[in-house]
Amino acid sequence: DSDVEVISGKDTDYASFSIAPEQALALRKLTNELEESLKTILFTAHIKALTIATGYNQVVTGISFHGRPETLDSEKILGLFVNMLPFAMDVKSSSWRDLVGSVQSMSKDIE
1 DSDVEVISGK DTDYASFSIA PEQALALRKL TNELEESLKT ILFTAHIKAL
51 TIATGYNQVV TGISFHGRPE TLDSEKILGL FVNMLPFAMD VKSSSWRDLV
101 GSVQSMSKDI E
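With the UniProt record's numbering applied, the sequence shown covers 1 to 111.
Accuracy of the hints is not assured; some may be wrong.
As the list claims (entries may be wrong) - Keeping only pairs whose Cα atoms sit at most 20 Å apart, straight-line, the calculated SDA-like set for lysine to any residue is: (1) K48 - Q104; (2) K108 - G62; (3) K48 - M106; (4) K92 - F65; (5) K92 - S18; (6) K76 - F65; (7) K39 - K108; (8) K76 - K39; (9) K29 - D90; (10) K39 - F65; (11) K92 - E75; (12) K76 - S37; (13) K29 - G67; (14) K108 - D90; (15) K39 - S64; (16) K108 - F81; (17) K48 - F81; (18) K39 - T61; (19) K108 - F17; (20) K48 - R68; (21) K108 - K76; (22) K92 - F17; (23) K39 - F17; (24) K39 - P69.
The set of hints was computed from the structure by calculation and includes no laboratory data.
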């Protein structure tokens, strides 16, 4: 049995899953220990999973960010301002803390 639910839509498929309370607590503890956001921790885990799945240390994925103009009355502009940017990472054999730090540093450069 799996707690992953695959949902098929007209144009896309996606998976929905939940984690156990003890896993959520462990993630919260890790974010506090490393002083990083949950987004950074999960994005780092995604990158590490890609290296394991592909067998390559150099991987490319995407990171989303908003591109809404920062001008007066920009909230009145209609449209979708979410963009996807390629994110390339060379994952060397480093500690988890170092990898999270590298991902955070590169993410800040993008935003």
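Evaluated hints:
1. K48 - Q104: holds (14 Å)
2. K108 - G62: Roughly 14 Å between the alpha carbons, so the hint for K108 and G62 holds.
3. K48 - M106: Holds. K48 to M106 sits at ~15 Å (cutoff 20 Å).
4. K92 - F65: violated (26 Å)
5. K92 - S18: violated (30 Å)
6. K76 - F65: Distance ~19 Å between K76 and F65 Cα, so the pair holds.
7. K39 - K108: holds (12 Å)
8. K76 - K39: violated (28 Å)
9. K29 - D90: violated (26 Å)
10. K39 - F65: OK: K39 and F65 at ~12 Å, within 20 Å.
11. K92 - E75: Status violated; Cα separation ~42 Å.
12. K76 - S37: Status violated; Cα separation ~30 Å.
13. K29 - G67: violated (32 Å)
14. K108 - D90: Holds: K108 and D90 sit about 17 Å apart, inside 20 Å.
15. K39 - S64: With a Cα-Cα distance of about 11 Å, the restraint between K39 and S64 holds, given a limit of 20 Å.
16. K108 - F81: holds (19 Å)
17. K48 - F81: Roughly 28 Å separates the two Cα atoms, so the pair is violated.
18. K39 - T61: holds (15 Å)
19. K108 - F17: violated (28 Å)
20. K48 - R68: With Cα atoms ~30 Å apart, K48 and R68 exceed 20 Å; violated.
21. K108 - K76: Violated, because 27 Å separates the two Cα atoms, which is more than 20 Å.
22. K92 - F17: violated (29 Å)
23. K39 - F17: Holds, because 16 Å separates the two Cα atoms, which is no more than 20 Å.
24. K39 - P69: Violated, at about 23 Å.
Against the hints set out earlier in the document, violations occur for numbers 4, 5, 8, 9, 11, 12, 13, 17, 19, 20, 21, 22, 24.
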